[in-house]
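Visitor: Next come the chains, spelled out residue by residue.
There are 4 protein chains.
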Amino acid sequence: MVRVAIAGASGYTGFELMRLLATHPRAELRVITSRARQGLALSAVYPALAGVFDLRFAEPDPAVLSSDIDCVFTALPHQAAMDTVPGLLERGVRVVDLSADYRFRDAAVYEQWYQPHKTPELLAEAVYGLPELHREAIRDARLVANPGCYATSVILAAAPLLEAGLIDPASLIADSKSGVSGAGRGASLTTHFCEVNDGFKAYKVAEHRHTPEIEQELSRLAGRPVVISFTPHLVPMTRGILSTVYADLRPGVGDREVDQAFAARYGDQRFVRLGPGGALPSTLQVRGSNYCDLGWKVDPRTGRVIVIAVIDNLTRGAAGQALCNMNLMFGLPEATGLEQAPWQP
Amino acid sequence: MVRVAIAGASGYTGFELMRLLATHPRAELRVITSRARQGLALSAVYPALAGVFDLRFAEPDPAVLSSDIDCVFTALPHQAAMDTVPGLLERGVRVVDLSADYRFRDAAVYEQWYQPHKTPELLAEAVYGLPELHREAIRDARLVANPGCYATSVILAAAPLLEAGLIDPASLIADSKSGVSGAGRGASLTTHFCEVNDGFKAYKVAEHRHTPEIEQELSRLAGRPVVISFTPHLVPMTRGILSTVYADLRPGVGDREVDQAFAARYGDQRFVRLGPGGALPSTLQVRGSNYCDLGWKVDPRTGRVIVIAVIDNLTRGAAGQALCNMNLMFGLPEATGLEQAPWQP
Amino acid sequence: MVRVAIAGASGYTGFELMRLLATHPRAELRVITSRARQGLALSAVYPALAGVFDLRFAEPDPAVLSSDIDCVFTALPHQAAMDTVPGLLERGVRVVDLSADYRFRDAAVYEQWYQPHKTPELLAEAVYGLPELHREAIRDARLVANPGCYATSVILAAAPLLEAGLIDPASLIADSKSGVSGAGRGASLTTHFCEVNDGFKAYKVAEHRHTPEIEQELSRLAGRPVVISFTPHLVPMTRGILSTVYADLRPGVGDREVDQAFAARYGDQRFVRLGPGGALPSTLQVRGSNYCDLGWKVDPRTGRVIVIAVIDNLTRGAAGQALCNMNLMFGLPEATGLEQAPWQP
Amino acid sequence: MVRVAIAGASGYTGFELMRLLATHPRAELRVITSRARQGLALSAVYPALAGVFDLRFAEPDPAVLSSDIDCVFTALPHQAAMDTVPGLLERGVRVVDLSADYRFRDAAVYEQWYQPHKTPELLAEAVYGLPELHREAIRDARLVANPGCYATSVILAAAPLLEAGLIDPASLIADSKSGVSGAGRGASLTTHFCEVNDGFKAYKVAEHRHTPEIEQELSRLAGRPVVISFTPHLVPMTRGILSTVYADLRPGVGDREVDQAFAARYGDQRFVRLGPGGALPSTLQVRGSNYCDLGWKVDPRTGRVIVIAVIDNLTRGAAGQALCNMNLMFGLPEATGLEQAPWQP
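Order-wise, the sequence lines are chains A, B, C and D. Quick note on numbering: my numbering labels position 321 of the first sequence as 321, and the sequence is numbered without any gaps. Quick note on numbering: my numbering labels position 309 of the second sequence as 309, and the sequence is numbered without any gaps. Quick note on numbering: my numbering labels position 245 of the third sequence as 245, and the sequence is numbered without any gaps. Quick note on numbering: my numbering labels position 49 of the fourth sequence as 49, and the sequence is numbered without any gaps.
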């Protein structure tokens, strides 16, 4: 059994980790911490978990988080993660960090979009935790940087096209839409039911912080610097991300080449499903699961390909992928504890 | 392994059965049937289940449903169930019927609220599948009649009060509210998103067909005929039922007696949770689970007790309870395959 | 033209007043105040009103609110209203107060459910602003206490039955359900989209502060003290209240008597509509309007009548009724500025 | 008074026309027709309108629709419109057609995307009813073709950039999102609440029929053929469209040029509002109104401009714009009857 702790367990990502760990056959959740909820019983914060776990939120102390623990999930805001992770690694536990703090190979990029980095020396060893791209490196990692939710969907949508050289990288545009749970459990006017209901909107246009991590991975895949337009939107729903990715096709590229690129890239991937015959996915069909479902359309009128990627932002976009990374790090089958069917309706 | 078939698998209850069976460690889903979807791949109707089950909808033929099958879930409309169940029993399979057709001990009651009954002789042996009330009988049953969703919530809310003789049975009122999935997957103006959104309403006031099955069970518990007011409402949400149950307290009954009645009745029940210190539950906290969560309030101003019961209408109100019944029928621990944590948010 | 000011204009009730005043042909909105938003342009807080009003939030100062003003709407929390209203009356303006501070004839009742009252002497002259019950008194009032949203729906549902003596007053139960906008625009976990969505719940059971104002009015109508059970619930929708009111019928009372009581009471009321042939209303059919729509069902099995009342909580339950009161106070036709059709879908 | 009839009045567009006509001071609704609802009282189909209009659905007969009528709104499916409009024009009434049948100057384009055209000779005189682009022609038109909902938002977003020559027309991409009411009132799995809730999806990617009308208008503005990528999505909400429009900026074009183009184009337009300081709009802020609100962002990293346009699909996207066109056709001020403030929350 992998002995597990969660730092920052009171938010939605923390909850999702607990939900999945509740039926994970090879992991045991032993410690949860929360600065704000310290001392409270888990069931007082989440009545849903009464009778599921008999835990209490502990102080977010590295000693508590690492004592008789094999793997810590740090579900903390960026910067707070940077303050916590090094101490955990020093104590010999392995870490899956769900913040942005260790997602970048280049500290300068991080510092341009976030703030000064306190432990840039860890960036070299941290592995970007997207299994379809970095599975082998994840197995051996001490520190895995779990990808951003938007980034997961956009990278998986574009990767086959870039790897196969079918598109002009400079033409990439990702128009993404997320449910409200992506904004976290904190109360604000932005998440107020009455402001969200019938209130679809874009936000942080051309300045969202998932942009550079998307660009880092796409550049690696393209073999040259890629700059993209990325536009996030807020959807009046709880869960789900749908990204619509546009790119100009190289001359001569058509349906066949695109179909083949996706089939070749993802045919054997457990958690990527390709719409049969170009069927386009809905966020509902992956809800609560670790799947990324993909559909696409080649448009000969404009010479573009449009790829649709859907994930559950809390599962594949956060906790599910994090558990998948833990599975890989501890030699378990990738899908262990992640076999639950998506939730309809 | 219990070998399982589902008759009428294309609706929401059918889906929910499949979702839960996907991770049930002691059951194997072998056959699904659907008159409307016959011949189609399951993944064509529910893309969510691509890669989860590799099944095709078969013809709803008793031979197909019973060949190398131990247990059939009949998720059919009433009347259609009556046409199917006897043939299955004859072939030696055991049946959990999710329709209303076998819920009544008295054929006359069924015929008053529904239509003529074709196999009234089966009513004597059919067991009303509410484990908290009929667990032992369920274990030995050949035919279990799975309770209605509303009925499950109302009966569980009122049972301890009636058994302990704390209330006047004639005063019982159940004001219930259900999410839209209770109306099924069929398209109609009633389930149209734009009619439901901001469109809360009551329906079938004083004439809903769950009334007599509630009365049957409450009468049994009270030891005398109980007639109740039952009012269902449609809530702009997908899942969940909340029932608000009112009753006049017997003279001298207060908090202590009511608390004790609930604790005594449900303290050892795996799938009933009691709100600590009178905390009132939300439908969200049981979503996707087999829990029924209960809270209550004694109001000395009016001499009434108000009990709040929440369930997931598709899980505890249908498929989860049905699986729980199957577990009991086949000697498995009651919670097998039902350990998934509720889904938040 | 009635010259109007709104104190506490930044919340949802304030917005709704402004929305309706935007097309009111006989009123002119001149001043809006807000402690929190003081100094901001209205369009910065509500982009919806850019180009509709060119106003700025002023300091909530009685002098500002009463200078060249005929009527002030005080949309303030209780207690804050008590601090503001007397100074306005002294300056000679007339006031429609949307808080609870002046709804009670008996200061002791207010103090039992709220807090000490600072100006109990005003309670005698304040008029409870439900036009169907107090139209004539409203015309002459200096101070109108606008009813609570829940109270409006419950009182209108029960009034004809009590006035006609058709029910046992001691048996009254009101099970009410409200959209989230009733909780105001403040951010909290309670109004977080992800907690509300699929999260139907009851709250303040047997202790909600609208209870005593309902009882005050129903007692007046019944001619003797009435105590009721009142249970509010939160519905995952933005607008609307539906109240389901239960009462035991007096012996011999049936459909005909009940139908006649409603027809006689409301046949000539502009803003009450009776469902034809017992049709039950949905909250959607009154959204954005000042209507209260009523339907009912006599249940001979239980000897009860069930009345369904729907209103828009922000319009009939607050701003619309307040404007209707202003119309009456200033000699305008009751429906002036309130003729907009309900909003579908 | 303009005497008005609506053909096909039972759908959401028909309702929205009625809602707005209810308070239009210079128009009188005299006739409504509906093939499916013929003979029914309006209030039986829309209880919301009880007491607002006392009308009955008549047979959709040209004689009925044109007798003592000045203006007919044809809210019919395409093809049905083509069968009805010529007969109305012959009888001397003026028509605002809300279908696609008369939106195209070139019958061949219509026939490529729809079906054979029966009265192509009317295309030359029909005016595309987007007031900001064709106001003068609308005034004199006998037949106005009301624009598609998506088209309205995309054209208004792109027009200033094309007219000012700031972008490469070949780079235009419109990623649009619509509420469910755009799918009409017909019941289908697509509009089922449980399939929509948490079920965001794209549809008709690169093949939606609003594409050619967008291209027709943008080509006119650009002075050369424009081909665009247009991707519609379905949002779990009732009302609203948000279009995110991407284009490559010409070299040397920056914030200043873009700001000026929008200000110059729309500064004096009653129903277009520009976000102050680049503020990006939400669909909520225009709900129920005829406004189109615009925001934009110049992204120097990618050399692109991103424009966000929001409208209410039923008001500006259909009925509101249609009434605006009627106002222009009959010499009334453009905003007559359209002054209602948007609806929050």
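FYI, nobody ran anything at the bench for these hints, they're computed from the structure. Some hints could be false.
Note: identical chains are not told apart, hence a pair may lie in one copy or across any two.
[What the hints assert, rightly or not] Computed list of lysine to aspartate or glutamate pairs in DMTMM-like fashion (alpha-carbon distance at most 25 Å, straight line): (1) K204 - D268; (2) K204 - E28; (3) K118 - E334; (4) K204 - E163; (5) K204 - D68; (6) K297 - E132; (7) K297 - D168; (8) K204 - D255; (9) K297 - E334.
Visitor: Now, for every hint given, state plainly whether the structure supports it.
Guide: To see whether the hints hold, each was checked on the structure:
no., hint, in the structure
1, K204 - D268, "neither (36 Å within a copy, 29 Å between copies)"
2, K204 - E28, "neither (38 Å within a copy, 38 Å between copies)"
3, K118 - E334, "neither (32 Å within a copy, 52 Å between copies)"
4, K204 - E163, "neither (29 Å within a copy, 27 Å between copies)"
5, K204 - D68, "neither (42 Å within a copy, 44 Å between copies)"
6, K297 - E132, "within (22 Å within a copy, 34 Å between copies)"
7, K297 - D168, "both (16 Å within a copy, 23 Å between copies)"
8, K204 - D255, "between (34 Å within a copy, 17 Å between copies)"
9, K297 - E334, "neither (30 Å within a copy, 42 Å between copies)"
When each numbered hint is compared with the structure, violations occur for hints 1, 2, 3, 4, 5, 9.
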